[in-house]
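Colleague: The hints should help you fit chain B onto chain A, whose structure is shown.
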Amino acid sequence: MSIIPSARADGALYWQVQARRNIGVRSLFLVVLAFLIAYAVLFPGLFTVSGFAKFTQSWFPLALVAMAQAILMLTGGISLAIGATVSLGAVIAATTMAGPLGVPGGAAAVALAGLGIGAATGFIVVRLRLPAIVVTLAGSFIIGGAALLVLPRPGGAVPAWLSDLLAGDTPAAFVLLMAIVLLWKLYLATPLGLSLYAAGENPVGAYRSGVPVDAARVAAYAISGLLSTGAGLFVAAQTGSGDPVIGNAFTLNSIAAAVLGGIGFLGGQGTMRGALAGSLLLSLMISVMFFLGFTPVAQYVAQGLIIIGAVAIPQFRKVQQ
Amino acid sequence: MTTAPLLAARGVSKAFFGNPVLRDVSIALQPGRVHALLGENGAGKSTLINLLSGALRPDSGTIEVDGRAVARMTPALARQAGIAVVQQELSLTASLSIAENIGIGAYPKRFGLVDYKELAARAKAACKLVGLDEPLSTPVGNLSLGRRQMVEIAKALYRRPRVLILDEPTSSLSATETKILTDLLGRLRGEGVAILYISHRLNEVMALCQHVTVLKDGTRTADRSLEGTDATGLVRLMVGRDPGDLFPKWQPSASPGAAISVRGFSAGLMHDVELDIRTGEVLGIGGLVGQGQEDLLLGLYGAIPARTASATVNGVSGLPGNVPKANALGLAYVPADRKREGLHLIHPIITNMMLPAFARLPSLKLRSRKAEGEKGRGLAAQLSIKGDLQRPAQALSGGNQQKVALAKWMPHDPLVLLLNDPTRGVDVETKREIYLMLRAFAAAGKAVVLLSSDTPELVHLCDRVAVVREGRVVRMLERAALSEEAIVSAAMGAERRKVAA
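Sequence lines, in order, name chains A and B. For the first sequence, the working numbering begins at 1 and goes up steadily by one. For the second sequence, the working numbering begins at 322 and goes up steadily by one.
Treat the hints with care, since some could be wrong.
Calculated pairs, SDA-like style, for lysine to any residue (alpha carbon to alpha carbon, straight line, at most 20 Å) [what the hints assert, rightly or not]: (1) B/K500 <-> B/D436; (2) B/K430 <-> A/L186; (3) B/K430 <-> A/P212; (4) B/K500 <-> B/K430; (5) A/K185 <-> B/K500; (6) B/K646 <-> B/E693; (7) B/K438 <-> A/A12; (8) B/K438 <-> A/K54; (9) B/K430 <-> A/Y187; (10) B/K438 <-> B/P456; (11) A/K54 <-> A/P212; (12) B/K537 <-> B/E662; (13) B/K445 <-> A/P191; (14) B/K445 <-> A/A12; (15) B/K445 <-> A/Y14.
Derived by calculation from the structure, the hints in this document are not laboratory data.
For reference, chain A alone in the conformation it holds in the complex (with noise of 0.2 Å):
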């Protein structure tokens, strides 16, 4: 993280690379361990397996959303459906897992939902030349309105093991959390992924270099489209049934995360390790205004204040100079 020794062996390039993007966002990381710290101390049972346990899965939902979010405004985009899709996520979750389809059947049908939209938003907003905030605001509401037809009131059930071992007193979220970080990791050696930057910053320029500028943005789409779904799996399995409506608060909180994250709207500026954190930050905030015994409303107004002020120093910053 510190100096990059140059004379390194030409292996080491990707080491490197990775090396030069926590640059940007080691501010934010520090600012991070600051209310981890406040929130140890709140609350000291964080180093309890269950403690743990607990803290990482109130996280999971808003950390997939995030970088949900986060791969769209990478590429210049953004989605308005994001909360909408969480819900039919869960909803999907809680009418099959319980029946014939089982765990497996139910968490494909969910995977096959969420990529199934991303891509169709993704074709519509990229071929079609549309602007996707009204894309994904449309969307919302097609996607809302789907979600109240499988289920009109909240109900259906996902099974206890399920819940147990997602929502139980395991880590269970925060070893899946992991291992989609890594996928993401992977995602991003390849070709296809890494001209995500490309795509979104220098569309033109990226085009004329040979990079498939579309098929790059319409699969950020369809993965956008699977985490959000998964997010709301995973929400079923914490609350044990479905809700047509759970997910609405997680779009406007997915954009603040990816925002406090670092993210820029015009695309290619940013990181997901800065997402993932702008999700964590966003999360603790919530826990220990909550626990400071503030109440909802003045956390409302806290958080916003503290999100205008996260984006509002470093553009500061940027023309101090």
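Modeller: Just chain B now, with coordinates in the frame of chain A:
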């Protein structure tokens, strides 16, 4: 030359929206030759490159690779044929590292993943060729513009091209970097690479190239060996044309007085400018595109921050700090980009004409539609803008849009008109009308500052022309000394050579 050209265009033509940009142009790139492509701004150089690299398709004529006609040239086909283009606008991604930028679109792969080891080795080799010694993991966003240009060139070399097209590669390079590039091109030439080199720096072209193609207004005016030509000869090939009777007869203005006078003026790209703008004259601002001319106008107008040692504007000392103050001092600015800066296209013509007037009215006074309508009709008649003024401004042709952009300042009777390329993309007839108008303004005792990329316009319309190069006014040409050759030589810095020749 007996070998087939690696890449050639035969009689290609291309038009955009009915405007011919290239007419029946041929060019042949031979292996082991550095081929210069010269022409003024807007002569069609970039379009020709885009045709050669498959980014555009010709309306007629053919593109040939290795002597065989290609039916449908595409960027992918061009890459397969070993054609690499270093464009003027960079194609880099700031947040990716040097190595990742160099390899993008052609990454070496292992098990479906980018093979960073192989990438590092190959990118390093390409960087070494252009003298880039920064660590390969450095994000491109941390590099200066000149270093980014070198990355762009390394990116082209990484693909081991047979044909290398460079569009003004040295415009942002330092002298050392230019030297490295020049040596490199010499070496590549020795290896049999065909190189197409576009530059406005004539001394570079003279030193580096063996063959030259000159474009003027979309037609080829020369295609010859560079042996036995000099810089002056090349300039003549680029500008020689008949101005015709497009321009009004020039008459000296009666009583020049001082309108704006600045010393030690710096704004944006411009620095240390000493300039006197007189009433009753048209002062031209010439030079190659993007040398800082626009910053000069915007700085005087208070639209971007500017510093001066001393300044007097219409008798008041000091520059206006913002646009309303500039307007109050009698300055008006007409931007080059009508569509984004000059007009509000979706709004009615009359609203566009009234905008500066709105700024002057007391904020909460009710509008009088009737008075506005009368004023608008008066302006339309004065500038011969035809048709219903309630139509959106985008319904007008480019020329008429320009007239609206001019008309909106007329009710305020500005003393100084700052015009940024007012005839770009304007048809000939409207050009004539605008020229007449500008001379009439000058005759009426106003100061007109005309920034133009059209050299004949500067020669035939202006009383004096300030030529800008690299952020400085390098020459002030008086009426008697005005000629296209003089402006172009001053703009390209070919003067020293001319003296030597």
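Colleague: Decide, hint by hint, whether the structure agrees.
Modeller: Results of checking the hints against the structure:
no., hint, result
1, B/K500 <-> B/D436, "33 Å, violated"
2, B/K430 <-> A/L186, "13 Å, holds"
3, B/K430 <-> A/P212, "16 Å, holds"
4, B/K500 <-> B/K430, "34 Å, violated"
5, A/K185 <-> B/K500, "41 Å, violated"
6, B/K646 <-> B/E693, "24 Å, violated"
7, B/K438 <-> A/A12, "8 Å, holds"
8, B/K438 <-> A/K54, "41 Å, violated"
9, B/K430 <-> A/Y187, "13 Å, holds"
10, B/K438 <-> B/P456, "14 Å, holds"
11, A/K54 <-> A/P212, "42 Å, violated"
12, B/K537 <-> B/E662, "29 Å, violated"
13, B/K445 <-> A/P191, "19 Å, holds"
14, B/K445 <-> A/A12, "13 Å, holds"
15, B/K445 <-> A/Y14, "14 Å, holds"
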